[in-house]
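J.: If you're matching them up, the sequences are chains A, B, C and D in order. 1 is the number of the first residue of the first sequence in this note's numbering; add one for each residue after it. 1 is the number of the first residue of the second sequence in this note's numbering; add one for each residue after it. 1 is the number of the first residue of the third sequence in this note's numbering; add one for each residue after it. 1 is the number of the first residue of the fourth sequence in this note's numbering; add one for each residue after it.
Worth flagging that the hints you see were computed from the coordinates, not collected in a lab. Please note that a few of the clues may not be correct.
[Said to hold, decoys possible] Computed footprint of chain D on chain C; a stretch qualifies when at least three of its residues, placed anywhere within it, have a C-beta under 8 Å from a C-beta of chain D: (1) 39-52; (2) 86-92; (3) 129-137.
[Unchecked claim] Just some of the chain D residues that point at chain B, by a computed CB distance under 10 Å: (4) Gln69; (5) Arg74; (6) Gln238; (7) Leu240.
Note that the coordinates shown come from a computational prediction; the quantities given were computed from them, not determined experimentally. Glycine is no exception: its CB is placed at the ideal position from the N, C-alpha and C atoms.
There are 4 protein chains.
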Amino acid sequence: MKINLNADLGESFGAWKMGSDEEILPLLDSANIACGFHAGDPLVMRNTLRLARHHGVSVGAHPAFPDLQGFGRRRMNLAPAELEAVIIYQIGALAGLAKAEGVEVTHVKPHGAMSNMACEDRKLADSVARAIKAHDGQLILLAPALSPLADAGRDAGLAVVEEIFADRAYLDDGQLMPRSREGSMIHGADAASRHVGAMLAEGALISHSGKRLPTPIGSICVHGDGPDAVAIVRQLRQSLEADYELAGLPELTNRSR
Amino acid sequence: MKINLNADLGESFGAWKMGSDEEILPLLDSANIACGFHAGDPLVMRNTLRLARHHGVSVGAHPAFPDLQGFGRRRMNLAPAELEAVIIYQIGALAGLAKAEGVEVTHVKPHGAMSNMACEDRKLADSVARAIKAHDGQLILLAPALSPLADAGRDAGLAVVEEIFADRAYLDDGQLMPRSREGSMIHGADAASRHVGAMLAEGALISHSGKRLPTPIGSICVHGDGPDAVAIVRQLRQSLEADYELAGLPELTNRSR
Amino acid sequence: MKINLNADLGESFGAWKMGSDEEILPLLDSANIACGFHAGDPLVMRNTLRLARHHGVSVGAHPAFPDLQGFGRRRMNLAPAELEAVIIYQIGALAGLAKAEGVEVTHVKPHGAMSNMACEDRKLADSVARAIKAHDGQLILLAPALSPLADAGRDAGLAVVEEIFADRAYLDDGQLMPRSREGSMIHGADAASRHVGAMLAEGALISHSGKRLPTPIGSICVHGDGPDAVAIVRQLRQSLEADYELAGLPELTNRSR
Amino acid sequence: MKINLNADLGESFGAWKMGSDEEILPLLDSANIACGFHAGDPLVMRNTLRLARHHGVSVGAHPAFPDLQGFGRRRMNLAPAELEAVIIYQIGALAGLAKAEGVEVTHVKPHGAMSNMACEDRKLADSVARAIKAHDGQLILLAPALSPLADAGRDAGLAVVEEIFADRAYLDDGQLMPRSREGSMIHGADAASRHVGAMLAEGALISHSGKRLPTPIGSICVHGDGPDAVAIVRQLRQSLEADYELAGLPELTNRSR
Chain A
1 MKINLNADLG
11 ESFGAWKMGS
21 DEEILPLLDS
31 ANIACGFHAG
41 DPLVMRNTLR
51 LARHHGVSVG
61 AHPAFPDLQG
71 FGRRRMNLAP
81 AELEAVIIYQ
91 IGALAGLAKA
101 EGVEVTHVKP
111 HGAMSNMACE
121 DRKLADSVAR
131 AIKAHDGQLI
141 LLAPALSPLA
151 DAGRDAGLAV
161 VEEIFADRAY
171 LDDGQLMPRS
181 REGSMIHGAD
191 AASRHVGAML
201 AEGALISHSG
211 KRLPTPIGSI
221 CVHGDGPDAV
231 AIVRQLRQSL
241 EADYELAGLP
251 ELTNRSR
Chain B
1 MKINLNADLG
11 ESFGAWKMGS
21 DEEILPLLDS
31 ANIACGFHAG
41 DPLVMRNTLR
51 LARHHGVSVG
61 AHPAFPDLQG
71 FGRRRMNLAP
81 AELEAVIIYQ
91 IGALAGLAKA
101 EGVEVTHVKP
111 HGAMSNMACE
121 DRKLADSVAR
131 AIKAHDGQLI
141 LLAPALSPLA
151 DAGRDAGLAV
161 VEEIFADRAY
171 LDDGQLMPRS
181 REGSMIHGAD
191 AASRHVGAML
201 AEGALISHSG
211 KRLPTPIGSI
221 CVHGDGPDAV
231 AIVRQLRQSL
241 EADYELAGLP
251 ELTNRSR
Chain C
1 MKINLNADLG
11 ESFGAWKMGS
21 DEEILPLLDS
31 ANIACGFHAG
41 DPLVMRNTLR
51 LARHHGVSVG
61 AHPAFPDLQG
71 FGRRRMNLAP
81 AELEAVIIYQ
91 IGALAGLAKA
101 EGVEVTHVKP
111 HGAMSNMACE
121 DRKLADSVAR
131 AIKAHDGQLI
141 LLAPALSPLA
151 DAGRDAGLAV
161 VEEIFADRAY
171 LDDGQLMPRS
181 REGSMIHGAD
191 AASRHVGAML
201 AEGALISHSG
211 KRLPTPIGSI
221 CVHGDGPDAV
231 AIVRQLRQSL
241 EADYELAGLP
251 ELTNRSR
Chain D
1 MKINLNADLG
11 ESFGAWKMGS
21 DEEILPLLDS
31 ANIACGFHAG
41 DPLVMRNTLR
51 LARHHGVSVG
61 AHPAFPDLQG
71 FGRRRMNLAP
81 AELEAVIIYQ
91 IGALAGLAKA
101 EGVEVTHVKP
111 HGAMSNMACE
121 DRKLADSVAR
131 AIKAHDGQLI
141 LLAPALSPLA
151 DAGRDAGLAV
161 VEEIFADRAY
171 LDDGQLMPRS
181 REGSMIHGAD
191 AASRHVGAML
201 AEGALISHSG
211 KRLPTPIGSI
221 CVHGDGPDAV
231 AIVRQLRQSL
241 EADYELAGLP
251 ELTNRSR
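Build the full structure now, drawing on both the sequences and the hints.
T.: See the structure below:
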């Protein structure tokens, strides 16, 4: 059985560095690359694409609201036509740089507040799916498991891969527990590996209270920042490799690259 | 004999409107569309692409320095790697939106200070050409006649179309007379038509002092703003249609679309 | 009895022009000047301040969310500390340029989505009031009549002037009728003058359905854009001058300048 | 004899952290605070001002070209009126936040490419001095020793404090050796202390080749980033305290605060 490890990369901007892309990238199957609206600038994007190509990692666009100062984490209200144009612009910008590097952009994963809002509001989720499809119906949508965004992608005819989070606890309704609540973060490589392993074994999200919410799970999202990120991802990858075949998103969806 | 009429379009931004795109576009063969760095936002870009498709006008990317406040007219020093990434990003962003609209981006024309600097500095011109080629070697470079930028494009193996300006006077070395000098602007449709007609007939730039500088001329750049822009472009087009076949840039270079 | 006419000015940005500041400014008592986050750039701000000084119009800061592309009209979620810093930054920037021009910034009026949100959410309104007071407790808050923003200002100890809108219809709860609804806009100088005159005479907002909502009214907000703006403001001013003394905001609040 | 230690601070932006402000600030006499155009956002600025107040460090504005992506290090051509407005805007924004924190902005030091250009081009230097003076003639200009910028400040009637760099080598004409050249950086606390000590003792810049260029020296600029920055600044401060009285810029110029 195939499974995928993904993380958000290319989040540096100009003189500001963020993350340990060089160390984390070789441990991933897929990278979601910031497109300049919340992080990333054209040169950071190009360098990240080169790194991804070097390590054979499949790449996706990580579009966000136009909000550098807020790192795309501040909710913004964009009219649907505007939101769709903003998403296509970002996919196109990354695809343009990818083409220059001989790489293909194979998936899209919305970032931050845009993702959160699309996981609550089906209309907004439909805009996201429509934008992706308008640009390229072959793109894979990487979306949180059991989210309206995943539904919107499927209904639009996109290939959808559902992801779970290795280091975050879930509520009984399948939403992520807000970071502000005690117990929302799962600390350490052992706990993260157990959390992920249990959900994969049961084919379900497992909430903080122990509730099972059955769902397909195709990918596991890890975080590339934090002092122990590299160690955690390494151990998680090793524990997964015992039971699963790790693969890029195109391989998961039988999409040829 | 084929000739092309081009203008810079899509220069509105958010709530700010600029130009008369709806009126000028039907009179053009090719449109250079702002890509969000000096003007244009994703929605303006998409709407401009739709308009261009509707009127069968070939479209090009009009990349610029990242300088909204200065409208891309302020000189900036970017390292070559940065400049190249910035150009590819913008071409890609426009190409992404164009793909969503079923349109193909077929040429690139640098804007403002980026163009001026590339017409003075061959190294910078080489960066521009390298960026275009890295993204897509089939793209046409639209460059000022007799400029180092045109040379750089040709040496890089790009199809190059040389343009002249309908409403600007030339110096004896083929440079545009600076706007600050008396006589730099050619006013009115009659004067512009005569200026263009003479240069096309002789296959040469004709300077303010009367000097002939032989050059291939493939396209004529007109300005879409100004109170009389539409009237001037209409008359210029009519006077050209008597003697020339007006065509999009791909037709000019025998590039299939 | 004193009354004040205010409008939003300085909304050009770089190469993009908006509004007819030169014509409208002499007809105003107070100008709310964009501070660079939704419109206005440092040079536009400085030129607008010069114009205001020339015409003896009192000036206020018109701070907004950091959203040039959306003209500050898109709702954004900023944490209170961030919102307060963003507001103080903008007031300070305008005050800095005003000081260089020998002008004093005497009021603050939040713009667009920031104002709308502060008229719905008392906590956000408190942040706005706190920011203004932290910078300068002598600043006047210009706020919509009957709004939580006006309450927040008063509770913070700020001088508050309530404004009504000359060209907008009100709902029975005192909110502006959304622009999307039929009848939300009041067209023409006659209708606007009658609308304003009736509310001033009764000392109350008068809703679309005829309901009276008593409130102090200190200022009337007019719009400087639109093809007939100048004519409307001129007629409104003339009709007011028959019965009221028109004055700057500092005179209205007995604040010395 | 009084001497001043200064560094550039507040260079984080949104989610991106830069420098070790908390550790370096207690070792300084004066801090140059980024104003949002090349680094710093309103909240970072406010927090940095609080930190400076806590440690009794005098604060100055560190204005730059509008170029976040390039960290203000890319040369840009701004017309004089635009440059002056851009500088005043930034000083005002910082002064606004400083006022909210009960702190006074007492000096200005241009950043990056703006500073470099003002150290080569006297006209540009005059614009910088004119902008500072237009805002507040009591502000101190902190400028590189022997620079046209220092001259422009003095000629404009500003109090000027000349600074030398602790970790950079000088050319025989008093310019900094470009970073690209071997030997341009002075490494380690011992070498920096000796370099600074010799220049202070002789009252002159001492070039790489040993040439003496007499100049008043009022302040020493150190860098807050780099792995050893804190250790270097601590040792430099200790070695200076043996022979000099370390003081804020207002004390150096007999300006009352």
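J.: Hint by hint, say whether it matches the structure.
T.: We went through each hint and held it up to the structure:
1. Under a criterion of three residues with beta carbons nearer than 8 Å to beta carbons of chain D, the stated coverage of the region 39-52 of chain C is upheld, 5 such residues being counted.
2. With 6 residues having a Cβ less than 8 Å from any Cβ of chain D, the region 86-92 of chain C passes the three-residue criterion, so the hint holds.
3. Restraint check on the region 129-137 of chain C versus chain D: 4 residues with Cβ-Cβ distances below 8 Å, three needed, restraint holds.
4. For glutamine 69 of chain D, the interface hint holds, since its Cβ comes within 10 Å of a Cβ in chain B; the closest pair sits about 6 Å apart.
5. At about 5 Å, the closest approach between the beta carbon of arginine 74 of chain D and any beta carbon in chain B falls short of 10 Å, and the interface hint on this residue holds.
6. Interface restraint check for glutamine 238 of chain D: the shortest CB-CB distance to chain B comes to about 39 Å, outside 10 Å, so the restraint is violated.
7. With a cut of 10 Å, the hint placing leucine 240 of chain D at the interface with chain B is violated, because the nearest CB-to-CB distance is about 36 Å.
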